[in-house]
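Peer 1: Given the coordinates of chain A, assemble chain B onto it according to the supplied hints.
Going line by line, the protein sequences match chains A and B.
Last residue of the first sequence: number 374 in our numbering, and the count goes up by one each step with no gaps.
Last residue of the second sequence: number 374 in our numbering, and the count goes up by one each step with no gaps.
Certain hints may be false.
Note that the list lumps identical chains together, so a pair holds whenever it fits in one copy or between two copies.
No more than 25 Å apart at the CA atoms, straight line, and that leaves these computed lysine to aspartate or glutamate pairs for DMTMM-like [unchecked claim]:
no.	residue 1	residue 2
1	Lys366	Asp93
2	Lys77	Glu169
3	Lys314	Asp364
4	Lys366	Asp167
5	Lys77	Asp364
6	Lys303	Glu261
7	Lys77	Asp67
8	Lys366	Glu66
9	Lys366	Asp67
10	Lys366	Asp188
11	Lys119	Glu66
12	Lys119	Asp93
If you are wondering where the hints come from, they were derived from the structure by calculation, not from laboratory data.
Treat the numbers as computed from the prediction; the structure is a model and nothing was measured.
Chain by chain, the residues run as shown.
Number of protein chains: 2
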Amino acid sequence: MTAPTFDVIAIGNAIVDVMAPAEDATIERLGLAKGGMTLVDTARAQELYDAMGPAKEISGGSAANTLAGLAALGAKCAFIGQVADDQLGEVFAHDVRAGGIAYATPMRAGDPPTGRCLIFVTPDGERTMNTFLGASQFLPPVALDETLIASAAVLYLEGYLWDPEEPRRAMRRAIDVARAAGRMVAFTASESFVIERHGDDFRDLIAEGMIDILFANEGELATLTGESDFEAGVAKVAANVPVLVATRGPHGAIAIAAGKRAEVAAEPIAKVVDTTGAGDLFAAGFLSGHVRGLPLADCLKRGAICAAEIISHYGARPEGDLKALVAARTG
Amino acid sequence: MTAPTFDVIAIGNAIVDVMAPAEDATIERLGLAKGGMTLVDTARAQELYDAMGPAKEISGGSAANTLAGLAALGAKCAFIGQVADDQLGEVFAHDVRAGGIAYATPMRAGDPPTGRCLIFVTPDGERTMNTFLGASQFLPPVALDETLIASAAVLYLEGYLWDPEEPRRAMRRAIDVARAAGRMVAFTASESFVIERHGDDFRDLIAEGMIDILFANEGELATLTGESDFEAGVAKVAANVPVLVATRGPHGAIAIAAGKRAEVAAEPIAKVVDTTGAGDLFAAGFLSGHVRGLPLADCLKRGAICAAEIISHYGARPEGDLKALVAARTG
Numbered sequence: 044m045t046a047p048t049f050d051v052i053a054i055g056n057a058i059v060d061v062m063a064p065a066e067d068a069t070i071e072r073l074g075l076a077k078g079g080m081t082l083v084d085t086a087r088a089q090e091l092y093d094a095m096g097p098a099k100e101i102s103g104g105s106a107a108n109t110l111a112g113l114a115a116l117g118a119k120c121a122f123i124g125q126v127a128d129d130q131l132g133e134v135f136a137h138d139v140r141a142g143g144i145a146y147a148t149p150m151r152a153g154d155p156p157t158g159r160c161l162i163f164v165t166p167d168g169e170r171t172m173n174t175f176l177g178a179s180q181f182l183p184p185v186a187l188d189e190t191l192i193a194s195a196a197v198l199y200l201e202g203y204l205w206d207p208e209e210p211r212r213a214m215r216r217a218i219d220v221a222r223a224a225g226r227m228v229a230f231t232a233s234e235s236f237v238i239e240r241h242g243d244d245f246r247d248l249i250a251e252g253m254i255d256i257l258f259a260n261e262g263e264l265a266t267l268t269g270e271s272d273f274e275a276g277v278a279k280v281a282a283n284v285p286v287l288v289a290t291r292g293p294h295g296a297i298a299i300a301a302g303k304r305a306e307v308a309a310e311p312i313a314k315v316v317d318t319t320g321a322g323d324l325f326a327a328g329f330l331s332g333h334v335r336g337l338p339l340a341d342c343l344k345r346g347a348i349c350a351a352e353i354i355s356h357y358g359a360r361p362e363g364d365l366k367a368l369v370a371a372r373t374g
Numbered sequence: 044m045t046a047p048t049f050d051v052i053a054i055g056n057a058i059v060d061v062m063a064p065a066e067d068a069t070i071e072r073l074g075l076a077k078g079g080m081t082l083v084d085t086a087r088a089q090e091l092y093d094a095m096g097p098a099k100e101i102s103g104g105s106a107a108n109t110l111a112g113l114a115a116l117g118a119k120c121a122f123i124g125q126v127a128d129d130q131l132g133e134v135f136a137h138d139v140r141a142g143g144i145a146y147a148t149p150m151r152a153g154d155p156p157t158g159r160c161l162i163f164v165t166p167d168g169e170r171t172m173n174t175f176l177g178a179s180q181f182l183p184p185v186a187l188d189e190t191l192i193a194s195a196a197v198l199y200l201e202g203y204l205w206d207p208e209e210p211r212r213a214m215r216r217a218i219d220v221a222r223a224a225g226r227m228v229a230f231t232a233s234e235s236f237v238i239e240r241h242g243d244d245f246r247d248l249i250a251e252g253m254i255d256i257l258f259a260n261e262g263e264l265a266t267l268t269g270e271s272d273f274e275a276g277v278a279k280v281a282a283n284v285p286v287l288v289a290t291r292g293p294h295g296a297i298a299i300a301a302g303k304r305a306e307v308a309a310e311p312i313a314k315v316v317d318t319t320g321a322g323d324l325f326a327a328g329f330l331s332g333h334v335r336g337l338p339l340a341d342c343l344k345r346g347a348i349c350a351a352e353i354i355s356h357y358g359a360r361p362e363g364d365l366k367a368l369v370a371a372r373t374g
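Isolated chain A (complex conformation) (with noise of 0.2 Å):
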């Protein structure tokens, strides 16, 4: 085993947010499931970008979000994903790579466009998620650099990639690619919808052994596990993965690591102004510290500190500085 060219590769839908804010009211009235994700098709997105007030892109997708933050923490890091040839491709494309990872995923010509994310912001944060995937669920098998994939210590994978059929083949070979190299397998489960549809793969795949860490929230955890009771459903899922991290919002996240378990408190903030990539910019501070050895509660404190600087402001790719703002706060 050769050492890793890359701290994390992640595979991941590439979406561009169209974020803006929205009352409480329009949320009702657009029959949107309020905190969570929906996928589109392109009428729906059409319809819910008319009822939108004026926006702001940022670029997003989870596993993307996730290496924004881990780059800026001064992890390397590359990135699979597919977007279109169009004006949307180019500014996904832009933005991960002026953020210092590697991507050379080809953009796909012609339909469908890239894939994008109509974000309404509620007063309170909260983000109500309306997906229309695009191009990235046509990432192709073919598009997995399986050098490249080898050559990370861990490959970073998302749960919303299941659910199209090409990019969930990719994922599985990936898995297989991975672990031939000796190397490390993250996954988020990142959103309960995806887990009722896949959480059979995601149980067998846990149940092989092939997940090294796996992310994921509270409600996540409950369906993935059955279990109502939090502490129950870390039991279930820590016997099975090397490293588990479950994070609970404002309540702070746990992590279950060859039997010791670590706490972390929600960083205090004095505003949330948008919850978007939360989850991931937590993902994103844990790994920073667990590339790097650092103890579990290190990691844990990692992950709130970026997740408090994320829902501080609009978007899901950081502002702040992250690697000051975890010196300042870690000592």
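Peer 2: Chain B in isolation, oriented as in the chain A frame:
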């Protein structure tokens, strides 16, 4: 003369801003004129975009920004400007319409793409703009809906549009239409370099009595009048325009109308985050009072309030509730 259907109709460049923070050293290394606006071609735009950090896309365009402010303040507005039939064109059109502004200029097929402005924002909040005009410079005279123009109390024009030939002719025609209908013509000088190139045109328009309301900042006034002394410049122009509004950034603004002069200090704000759109929103606030027949000092106060809101966050489109802000601060 029939009662106007719209308060303000504006003709301007249809631009999406691409904004990213940058250090002063980057501005210098890229050879940018800090604080200014420079027109760039495709190659230079690509070069600058490649050098830019992760960015956000937020609709812009000087006159469109002013309308966004006016509409937020309750004015009935319409916009004329040219986008291409592409994703950024859709973004621009959506954001204008979502702000409640009537906008019916057909998208233009083929190259060039929708105009964009690459904006580097330094830690002091100063913005350095690099504009790729794209489709906006091909606004054809036929795009002017003359009935619409004649139906608005104020025709608002941006100097930026004087630079490309087709829009320049369209603007001259629009002025004739508005004046024939007995409407007011408001004009923003936009930027010193525009005045350097088209100052004779602007001075002719003023001398011919074609401009009822002129907006200019200190630097633009100096270029327009050839007077380096602010008061000398004011005196020179005020004699020929019914309403002159001259802004001085952190030093507030003055207005002169019918021989009367009013002044306003800049509104205090916690931190200047991004000065993009300061002049545009000052104009919005001022005009919102002017179309209601408010006293000059009140119009200026509204301008200062709107300018303060826009420089307290990224982007040149209002985020705060301008109506509430104005209500709270004008008593």
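Peer 1: Determine for every hint whether it applies to the structure shown.
Peer 2: Verification of the supplied hints:
no. : hint             : result
1   : Lys366 to Asp93  : between (39 Å within a copy, 23 Å between copies)
2   : Lys77 to Glu169  : within (8 Å within a copy, 37 Å between copies)
3   : Lys314 to Asp364 : both (18 Å within a copy, 18 Å between copies)
4   : Lys366 to Asp167 : between (28 Å within a copy, 21 Å between copies)
5   : Lys77 to Asp364  : between (30 Å within a copy, 23 Å between copies)
6   : Lys303 to Glu261 : within (19 Å within a copy, 65 Å between copies)
7   : Lys77 to Asp67   : within (8 Å within a copy, 42 Å between copies)
8   : Lys366 to Glu66  : between (34 Å within a copy, 17 Å between copies)
9   : Lys366 to Asp67  : between (35 Å within a copy, 20 Å between copies)
10  : Lys366 to Asp188 : neither (29 Å within a copy, 53 Å between copies)
11  : Lys119 to Glu66  : between (40 Å within a copy, 23 Å between copies)
12  : Lys119 to Asp93  : between (39 Å within a copy, 20 Å between copies)
Hint compliance for this structure: hint 10 alone is broken.
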